[in-house]
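Q: Residues per chain, in single letters:
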Amino acid sequence: MKHNLKILNVLPLTVFFFIILSSGIVLYQLKVDKRIERSLASQLIGKNVPETLIPKENFIEKINNLENLNFEKYHDQIFAVNFFASWCAPCRIEAPIIDELSKVLPVIGIAYKDKYLDTKEFLDNFGNPYIETGIDKSGKIAIEWGLYGVPETFLINKKGEIIYRHAGPLLYSIFKDEVLPLLESIKNE
Amino acid sequence: MNRKYKMIIIFSFLFLFSNELELFAKSIDDEININNRTRVISQNIRCLVCQNQSIDESNSELAKDLKILIREKLIAGVSNEEIYGYLRERYGDYILLKPPLNLNTTLLWFLPFIVLIFGSILIFKIIKSNQK
Amino acid sequence: MIPELGHILMIITFVISTMQCCYWLYNLRYTNIDVVRVLQKGSLINFLFIFLSFLILTYSFITSDFSLLIVSNNSHTLKPLIYKISGVWGNHEGSLLLWVLILSAFTFFVSFKDSINSKLLASIIGVQTVILSLFLAFILFTSNPFERVDELPLDGRGLNPLLQDPGLALHPPMLYIGYVGLSVSFSFAVAALITGEINKDWARQMRPWIAIAWSALTIGIALGSWWAYYELGWGGWWFWDPVENASFMPWLVATALLHCVRILEKKLIFINWTILLSILAFSFSLLGTFIVRSGLLTSVHAFASDPSRGVFILIILGISIGVPLILYTIKSSSFNDEKGNFDIVSKESAILVNNLFLTTATLTVLIGTLYPLFLDAINGNKVSIGPAYYNATFAPIMAPVVFLMAVAPFLNWKKYTDKNFIKKIIFLSAVTFLGGTLLYLIEEKSIFALICGSLSIWLFTGVITDLISKIREAKVKFKNINQFFFFITKINLGIHLAHIGVAIFLAGVTGEQFYKSEYNVRKKVGDIINIGTKSLKFDKIENIEGPNYHSLMATFSLYEKNKFISKLRPEKRFYTNEKSQTTEAAILSDFWGDTYLVLGEGDNKTGWSLRIYSNPLVSWIWAGAFFMAVGGIFSVTQKSSRFRNV
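Chains as they are written, first to last, in the working numbering: chain A, 1 to 189; chain B, 1 to 132; chain C, 1 to 646.
Hint data in this document are derived by calculation from the structure and do not stem from the laboratory.
Every value quoted in this text rests on a predicted model; they were computed, and no experiment measured them.
Heads up, some of the hints might be wrong.
Okay, the calculated beta carbon distance ranges per label pair [unchecked claim]:
#, chain 1, residue 1, chain 2, residue 2, range
1, C, Ala399, A, Pro181, 23 to 29 Å
2, B, Glu89, C, Ile344, 49 to 55 Å
3, C, Phe433, A, Ser22, 45 to 51 Å
4, C, Phe51, A, Ile7, 21 to 27 Å
5, A, Gly160, B, Arg37, 45 to 51 Å
6, B, Val49, C, Ile326, 40 to 46 Å
7, A, Ser22, C, Thr637, 30 to 36 Å
8, A, Asn125, B, Arg37, 42 to 48 Å
9, B, Asn35, C, Gly602, 17 to 23 Å
10, B, Asn35, C, Glu542, 31 to 37 Å
Just so it is clear, CB atoms sit at the ideal spot from N, CA and C, and this is done for glycine as well.
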């Protein structure tokens, strides 16, 4: 009984010390790591690209392609999938960077909850970097990809696995510091 | 002979009709059932673009789409668990407002009850030792 | 110029309070009445200066002095006066100043309690002043409310429209009186650890302060929940949101403390536990203040954007909780409990069990609130903890508390003597069984509805039974007003009121949680909507101009069995300055429940989407909280239990 009480006397301080210590760690990580943004990326990484069926009529013609979106033909290629929308302001900001990206690898565009004419107008005004562009009218494909909102960008490796995801506009600094080095590293594989 | 035919026709008609009726009633039941199940699931799904809201309470676009998706899946005969699993695979545990029991959440689920058990033992001892 | 005066006053107060702390520590070994007198004067000056400083800030808000950063960020010339004033604490900096104002007020009031022995009193004032200077430092170095803007804006940005509401204008002050009120019992505990002296008088002097803080906290939380109910337009009243949890945790601990300290008033047992609870209660208050204000839980980004604030917060928490806990570790073994000498079935045991469940419940809420944060830090996994978690953990832990709450007041201190105890229990069980059956017959819902409703009946009957037997025992004749007060004290009316508040609250919860119905419809003007026995007629929809908003207002007539009852006017408001929109639900409350109507999107062609809730007994939730708070206030007047048996 006596011994029991001794432990109880020290217990509060120990628990408190633990809480303060871990809060400190959390604080430090938030500052250094930006863990929040990173952990957003984690869910689909390493998994195969989700089934993405876009009906024929929802395709915007570019290279005489009028079939369902079919990732098979990109097998053995590294490619990117970019979700955008004509009504989304940040998408306009990232348009030039997506253009840069399309010079490095094929980029497939998926217009999220958009209309055919609006999408076409957007591509006419801001340039069309996409090898294929489909429209996700119902927003179901977006859910299939675990999308929070537009814009979001995914990178897919030769095995058809998602290796990178960026939520929000792809800024030039991110493109240069994260995307390009990543592409460089998998090229050597 | 003639009468017999008539009877058969009438009976088969009635039979057909009752079948229709049954189907009709069943479809209303199903409708209510699906609606209720959609609500229950929606209440347990976090609206990812809101602050601490379930998609049931939210009117955001993503929440609306998710609700439609859940409804469609239920109509297609998908079970609740499979729907939770589907969303979890895409958005992570974060989307579930009721955290699943796994290695990450062991402490979360069991610590209160462990403390309760140890506390009870301790209190029992204290009461015992304070008896006359 | 005037705002600078406010700033200077705060700096002076900081200097004075820091000097006061040094003076107290320097004289710690030889405290006498003279030291107390000096500290008293200091706390008076602190209070006056901070009060002046607060008035100056309020003046800046009223006159819309947009050269001040927080005024231009949180106010607007077109805002109604009351929201200009409430705008003072509708932001981080101003709310901290309010916090400090209340702290200095409490310090001032407690410092003139000469009935406390001077050695203890000096330390109490000392500890209060240490907290005061820590907070003043925090304000001055990281969150100065008197900061000027570089460029004078034409007009302010306005206050978040959701916060422009009478319920929420009062919510922070009440909550803060609760939080800060707990600092007094904290200081009592720390002072006891420092002086090493504790007696029954210590507990008696401390209890009124806990009761005041607890009542204010109850009102504060209830106001917040009421606001969420009518303003957010989801029809819910409690969301287990981290911010709500932050205010709920100190409440739970304070409730435990309020019960526990009653044992100590009788006999010197469980000294360490009482001290620990006092420290814990205020620690949770601090956590609550900072969690809400730092945005650590609501938006992790906001916190990270200003790491200096976060580090400062950790330091303050480290000092004001860590040091007392170190003292506790060293000193707690030197307090020796008397031998309790109480039966297993006695008030003491019941209160101990109550404390066990309440602390475990607090722990559950704490884990639920902080777990996502820590899990994310440890391995990057994100989890969401919603109502389902609390329903599965918190509710079963609290159910026994309510169960005991009905019977524990029957028990006597020390001895199990009441021969009527078993009789009363049988009576309670019978009434509850009948009530439960009735509930089952009215409308069959889940087993949880039955448990929740039956508990409410059980508790209600328990309190009434106890009240009647106490009134019988009291045998007081009312010849004058003094005897009336004596009577109230003797029958412990405060306790009964608070407990009946819980029963009313639970009835409300049962109604809202299990018996509510919801209708989602799309209707055009002229349509009629049937909800149960009631029907709603969509009369018209029109644009209305408010003082600082445009509003789209629909008008409905509510009929019950073809008899007109009332008009309902749900709105959607567009605040032009703040560029945001709020939904104003139309709520018709009566004794038996609310009709709650929310106007959604739509147009005149395709109709308007409407959400209609029928929430039975929902207003009982806040009525219950009100009863609890009033009970708390009553128990303040009840100095000690010396009138009670044994």
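Q: Each hint should be assessed against the structure and marked as holding or not.
A: Verification of the supplied hints:
For C/Ala399 and A/Pro181, the Cβ-Cβ distance of about 57 Å falls outside the hinted range of 23 to 29 Å, so the restraint is violated. Checked against the hint of 49 to 55 Å, the pair B/Glu89 and C/Ile344 passes, with Cβ atoms roughly 53 Å apart. Taking 45 to 51 Å as the suggested C-beta distance range, the pair C/Phe433 and A/Ser22 conforms, at roughly 48 Å. Take C/Phe51 and A/Ile7: their Cβ atoms lie about 46 Å apart, and the range 21 to 27 Å is violated.
For the pair A/Gly160 and B/Arg37, the supplied restraint of 45 to 51 Å is violated, since their beta-carbon distance comes to about 34 Å. Distance hint check for B/Val49 and C/Ile326: the Cβ-Cβ separation is about 44 Å, which falls inside the suggested range of 40 to 46 Å. Our hint of 30 to 36 Å for A/Ser22 and C/Thr637 is violated, since their Cβ atoms are close to 44 Å apart. Between A/Asn125 and B/Arg37 the CB atoms are about 44 Å apart, so this pair conforms to the stated range of 42 to 48 Å.
In this structure, B/Asn35 and C/Gly602 meet the distance hint of 17 to 23 Å, their C-beta atoms being roughly 20 Å apart. For B/Asn35 and C/Glu542, the hinted distance range of 31 to 37 Å is satisfied, since their beta carbons lie about 32 Å from each other.
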